[in-house]
Amino acid sequence: MKNDTWVKPYFTKYKSLLALIFILGTFTVICGAALMFTSGYTIDKSATRPYNILLIYVPILLTRAFGIGRPVFRYLERLRSHNWVLKMTSDLRTRLYKTLEKDATFFNETHKSGEVLGLLAQDINHIQNLFLRTIFPTIIGYIVVALVSIGIGWFNLWFGLLLLLLLLVETVLVPLVSVAFQRARKYRQKAIKSELYTELTDNILGANDWIIANRKDDFKQLTTDNIKSLNDSKKQSMHFTQYRDLTLQIVFGLMLVSLLVFTNLYFTGNQAQANWVSAFALGLIPLSDSLIPISQGFDELPEYQDSITRLNNIETTDRQLPEQKEIDLKEVTIKVDDISFQYLEDTPELINNFSQVIEPHTKLAIIGPSGSGKTTILQLLMGDLKPVKNQITINDVDVLQLQNHRTQIFSVLNQSPFLFNTSVMNNIALGNENASDNEIKEAIARVGMKETIEKLPDQYDTLVEESGQRFSGGEKQRLALARILLQDTPVVILDEPTIGLDPITENTLMNTIFEVLKDKTIIWVTHHLHSINHADQVLFLSDTKIQMQGSPKELYKKNKHFQELYKMDQGI
Amino acid sequence: MIDKRLFRLPGIKQLFTMLAGLTVLQAFVILLQATFLSRALVNSWEQKPLNTIYIPTLLFFVSFLIRHTLTLLKHRYLHTKAQQITDDLRSSLLDKIYTTGPKMIGKRGTGNLVTTALDGMDEAENYINLVVEKMINMMIIPLVLLVYIYFQDVKSGITLTILVPLIILFMIILGYAAQDKANRQYAKYTILSNHFLDSLRGLPTLKMLGLSEKYSDNIYKTSEDYRRSTISTLRVAILSTFALDWITTLSIAILAVFLGLGLINGTITLYPALLALILAPEYFLPLRDFSNDYHATLDGKNAMNNLLDILSIEENESNDLLPDISWEINSTVKVQNLNFNYSDSHADADIKNASFELHGFDKVGIIGASGSGKTTLINLLGGFLTADEPQDIQVNDHDIPNFAQKNWQKMFSYIPQNPYLFSGTIKDNICFYKPEATDEEVQTAIKAANLDEFIDSLNDGLETKVGEGGRGISGGQAQRIMIARAMLDQDRKIILLDEPTAHLDIETEYRLKETFNKAFVDHLVVFATHRLHWINEMDYILVVKDGEIIEQGTPKELTKNKGYFVELVESMRGDKL
Chain E
228 MKNDTWVKPY FTKYKSLLAL IFILGTFTVI CGAALMFTSG YTIDKSATRP
278 YNILLIYVPI LLTRAFGIGR PVFRYLERLR SHNWVLKMTS DLRTRLYKTL
328 EKDATFFNET HKSGEVLGLL AQDINHIQNL FLRTIFPTII GYIVVALVSI
378 GIGWFNLWFG LLLLLLLLVE TVLVPLVSVA FQRARKYRQK AIKSELYTEL
428 TDNILGANDW IIANRKDDFK QLTTDNIKSL NDSKKQSMHF TQYRDLTLQI
478 VFGLMLVSLL VFTNLYFTGN QAQANWVSAF ALGLIPLSDS LIPISQGFDE
528 LPEYQDSITR LNNIETTDRQ LPEQKEIDLK EVTIKVDDIS FQYLEDTPEL
578 INNFSQVIEP HTKLAIIGPS GSGKTTILQL LMGDLKPVKN QITINDVDVL
628 QLQNHRTQIF SVLNQSPFLF NTSVMNNIAL GNENASDNEI KEAIARVGMK
678 ETIEKLPDQY DTLVEESGQR FSGGEKQRLA LARILLQDTP VVILDEPTIG
728 LDPITENTLM NTIFEVLKDK TIIWVTHHLH SINHADQVLF LSDTKIQMQG
778 SPKELYKKNK HFQELYKMDQ GI
Chain B
20 MIDKRLFRLP GIKQLFTMLA GLTVLQAFVI LLQATFLSRA LVNSWEQKPL
70 NTIYIPTLLF FVSFLIRHTL TLLKHRYLHT KAQQITDDLR SSLLDKIYTT
120 GPKMIGKRGT GNLVTTALDG MDEAENYINL VVEKMINMMI IPLVLLVYIY
170 FQDVKSGITL TILVPLIILF MIILGYAAQD KANRQYAKYT ILSNHFLDSL
220 RGLPTLKMLG LSEKYSDNIY KTSEDYRRST ISTLRVAILS TFALDWITTL
270 SIAILAVFLG LGLINGTITL YPALLALILA PEYFLPLRDF SNDYHATLDG
320 KNAMNNLLDI LSIEENESND LLPDISWEIN STVKVQNLNF NYSDSHADAD
370 IKNASFELHG FDKVGIIGAS GSGKTTLINL LGGFLTADEP QDIQVNDHDI
420 PNFAQKNWQK MFSYIPQNPY LFSGTIKDNI CFYKPEATDE EVQTAIKAAN
470 LDEFIDSLND GLETKVGEGG RGISGGQAQR IMIARAMLDQ DRKIILLDEP
520 TAHLDIETEY RLKETFNKAF VDHLVVFATH RLHWINEMDY ILVVKDGEII
570 EQGTPKELTK NKGYFVELVE SMRGDKL
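Chains as they are written, first to last, in this note's numbering: chain E, 228 to 799; chain B, 20 to 596.
Keep in mind the hints are simulated off the structure, nothing from the lab.
Some clues are possibly wrong.
[Stated by the list, open to error] The calculated SDA-like cross-link candidates involving lysine to any residue, where the alpha carbons are at most 25 Å apart (straight line), are:
#1 E:K443 x B:K240
#2 E:K417 x B:S111
#3 E:K462 x B:T134
#4 B:K595 x E:Q776
#5 B:K240 x E:V691
Assemble the whole structure, with the sequences as input and the hints as a guide.
Spelled out as structure tokens, the structure:
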């Protein structure tokens, strides 16, 4: 927590706004107390039956002022604090984005990153709650504690100290004890919950299997233990909270009692003094509203702590790149010269002595089972990863020296192309910001989406919806392809773009892809031999090595294994 | 605010009665607490010595203690009951998943169901806790206090009575408008928080387009837009709380003035005046508590509704209509005019008038374009989906209305495209249909599935943990585990397959094919696929188009017919080398 950079800086960043929140919050509490205080005084004073009604005029006026003041200040405080927190959120989000943006390797393990990203986004929401539910109420509570103690201490130092002591028990001791006790339980509950989550997923995703295995009892039994221990732990937490709340109330009751004794002792010199008696007691009562919830806020701390730790632990590795160069991008020859790659010295080698020359306009297909290093090769080609041995060059320049121009050299069509939740037009325009509307529409027409789009009620302004839901898998690929056409790079990488598509869609899509990209270099990673006729070169990878390579026709003639695979794929 | 179905939950009435009893008691203790406090204050005001307030102060503290002890008891009772109720609900939910399983999972989504069963339960529990307590407090405490105040001072009583309809009116006018806005805001919030997540997920794409750096401005801008719109909504949304606050504080102020005037005129004495003033905030407190928790209960309410909706899904009727038979070489299934409609839009087609027969150990392929109804047909055969109406189905001359029959389901194994691996060991997964299998049987099954080499390569062998939190298993190995599972239970003579190799790379598929073929011997196989090579392994093909079986026959017959089958195969095959 010491080196935190995600929460602490914000105490100073919007300092004056923050101060305003505390002032408004304190005023809210004070008005609430003062309302009861002046009301009590008004009644006590009135009970002396003064001749002139004007004598209670000022307290009456104040009563009204405080009566209006409390809701107004509360209203303003809530607005201000939300505004502040959201401002901070904008900063945090931008920062999280920028942090992740720098670190391309973060996204290497695509499966995992989806989950992590969700967690990180959630963590920012947790920080919002940390401020709204714990930090603000606690600080305002402490200001009130100080004011009350000073106020009473002004009348009598010793009584002021006694009250301060009780207030500290209420706002510091009990919350700290509470969070200390609850922390372990919260973590335990979290652990049980994640086990339960797995078990419930087993129940639900495996429902078919449970049913046909006819194992209803086991199905129900699966979660029983964890539900029981979760319930037990929750029960303990609840009991603890209930006793804690009772303790808080008792301490508060003691404060009231001691105030009653105090006022009886010190405000009984004359009637004018005695008129303040009810005021003190009544004024103290509303304070419980702002002091007792502090413990609750503390209890949530462990949860926030996790979030803050996770955010602080995001590591960003600034890549050390060699001096960047410029090259002519018209004709691009890629040379891979006997490279090897492994992530760390003690991890297995993913690529072993791999060589390849990719001439301009080559259509190269790379085939291999998962884990054979297909994706690693793509990352090496684009310079996301650095070979441990030798190098990859583009027109004889190390690809690592071309990172400033990589988006002018490579474009990528992957398994699930990402469409942003905006219009079709905007999504395609991302390919080239200088493209005119006509150029965009032409690109859409070339990928065969013109009719589909123009049939839609909003045509090119149609929203693609979250992650492109509006369109089918094949259509999404076509839209992403249009984006690539606008990007107009000499090399296009196809990373299994047809996975999850049915063969008919796959056929037509691959036909379109190779038709519109015929003058580009294409590096195509695929998992079967469908549409392989489009490739000039096929490269079979297995266990970090090239198993066979050649043009598909050649291979079909000469290589028996290829022949078998091809026949299987074609069903002939 | 409250779903009526909540009251129909078992145990909830008892809960209400018990809590109502405790709350009445509590209301009286609040009265006592106020009277003793007033007494002590009046004595101090009269400048009486300390010993005159000993007794009232002590009694005040005792009633204060009892009041909060009652709160503790209420909470304890309520929480225990709420936990019981949610446990029962969870248990019913699991039963529901088991009985109506896949039908509902398809409709609700797995994620939704898991969330409902876990977090949703917490929210529902929280909802019961909040709603029941606050509602009972609101209905009982103000009423008791008000009656008492009338006895003490009619004018104060009238003042407080008049305010209630005013508050309610205010709440209705402001609350509804604002709440509606707030609800919409909540929906928008979800979109925007998704926008951020969306952008993070889209980061690799932005990077490839060279736009990722620029896009950070967009993140900030969207977030700031959201802030502005939230604040402008909040301005209205929290007006209802403001109004309630305002009326409460102002009515206390007004009450204080009335009481003051009454005291000056001598129409009231200090004791009842003080009592009324002390009770006034207590009178409004339950109302304020109730409205403060409105938003906290929103989530709970949704979770609860979601849960109750799921529980109200109708279950299949009896699953015991098929006698205990075993599948033999001469067994048959006859299906006449099978129909099935998805009630809402669905990726796969409805099934229309499908008639077919399955015989002995035939290999039957189901071929069609994607979305043509292949998967629906397999799910119907497995009894995972059932039509609402009884269908014309015969298994060995026994009439059954659908395939969701226990004795049918114990005769087949099911292998989907992405088989589900349970979190546990490989052995647990293999023995899933037959947990009591001997080690020897397991070894035989592993060999049959050509899984022995892979298992030997693992440090923990059969005891290797897989599934969530376990070792990742490649698609090919997962399918072999499924085959071993099917081979282990020799009583299951039917295998239903749904695209088991579509997502695998060609080498893996090639190696797996042999294993599959070996497993198919002496089994009835029903195989939905669009991988063409499987057609050659089939004895009989059902060709599906838009939910109808438009052609069926042996592959040879179909090829000769030159109908849709040939057309389909051609368009799937694509251009030749």
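Violated hints - listed by number, lowest first: 1
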